[in-house]
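S.K.: All chains, please: the whole structure from these sequences, using the hints.
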Amino acid sequence: GAVVSQHPSRVICKSGTSVKIECRSLDFQATTMFWYRQFPKQSLMLMATSNEGSKATYEQGVEKDKFLINHASLTLSTLTVTSAHPEDSSFYICSAGPYNEQFFGPGTRLTVL
Amino acid sequence: KQEVTQIPAALSVPEGENLVLNCSFTDSAIYNLQWFRQDPGKGLTSLLLIQSSQREQTSGRLNASLDKSSGRSTLYIAASQPGDSATYLCAGIIQGAQKLVFGQGTRLTINP
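Note that the protein sequences, when read in sequence, are chains A and B. Residue numbers 1 to 113, in my numbering, belong to the letters of the first sequence in order. Residue numbers 1 to 112, in my numbering, belong to the letters of the second sequence in order.
These aren't lab readings, by the way, just hints derived from the structure by calculation. The beta carbon of each residue, even a glycine, is placed where N, CA and C say it ideally should be. Fair warning: there could be bad hints in the mix.
Claimed, not checked - A short, non-exhaustive set of chain B residues, derived as facing chain A with CB atoms under 7 Å:
| id | residue |
| --- | --- |
| 1 | Ala29 |
| 2 | Asn32 |
| 3 | Leu44 |
| 4 | Leu47 |
| 5 | Gln51 |
| 6 | Leu62 |
| 7 | Lys99 |
| 8 | Phe102 |
| 9 | Gln104 |
| 10 | Gly105 |
M.R.: Quick look at the structure:
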């Protein structure tokens, strides 16, 4: 299957700082990527749809000024958590896929102190 | 609004058993359906994809079926092994949309 990578795999930061997470499609081009967050023992919650060359589409209740998404190329989307607070601590996962199948990155564990 | 239900939420069985995981959708207008596996602290691994024109897919000891008329899917695992222990998630793409809608998952434990 297709490969999606994420970087970093784990990040610890102080409250008030911003954190950038990268999602890359390694062997295919992705005009659309998806960002999810997952709390412990819960399923994935879609945060936003990242569209190459245009604005991201955010799900209801997700603050677009808090979670900045940039999809500047066909293989890279970034999620920036701005002014992070402890309640933003979570597991963030991206997905992308050629055709109709979605492949997921390994996830990024964010801990905000 | 599409909702996805997975039953059971957790399952623990001895090694070697055949088992079935269930997934149902409130809106049967499913375009594609995927089954995933997630190990603790890891991302999702795609197991099987059933596309709109298909009714089932098989990969090794795994078989997934989709009944669009009822909005139900099952994942059958044959001859279970301890390495199958993980959380299994089903997700569907609704016709007209592109995003996946996930179930809450079934946490599977295979005991040696």
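S.K.: Each hint should be assessed against the structure and marked as holding or not.
M.R.: For each hint, the structure was consulted:
The interface hint given for B/Ala29 is broken, as the beta carbon of that residue sits about 15 Å from the closest beta carbon of chain A, more than 7 Å. A cut of 7 Å between beta carbons decides the hint on B/Asn32: the least distance to chain A is about 5 Å, and the hint holds. The beta carbon of B/Leu44 comes within 4 Å of a beta carbon in chain A, closer than 7 Å, and the hint placing it at the interface holds. Proximity of B/Leu47 to chain A is violated relative to the hint, the smallest CB-CB distance being about 10 Å (cut-off 7 Å).
The beta carbon of B/Gln51 is positioned within 7 Å of a beta carbon in chain A (closest approach about 6 Å), and the interface hint is therefore held. Hint status for B/Leu62: violated, given a least beta-carbon distance of 14 Å to chain A, over 7 Å. Hint status for B/Lys99 relative to chain A: holds, with the closest Cβ pair at about 6 Å, below 7 Å. About 5 Å separates the beta-carbon of B/Phe102 from the nearest beta-carbon of chain A, less than 7 Å, and the hint is met.
Among the interface hints, the one on B/Gln104 holds; its C-beta lies about 5 Å from the nearest C-beta in chain A, closer than the 7 Å criterion. With its C-beta approaching chain A no nearer than about 5 Å, B/Gly105 sits inside the 7 Å limit, and its interface hint holds.
The structure fails hints 1, 4, 6 (numbered hints given earlier, in ascending order).
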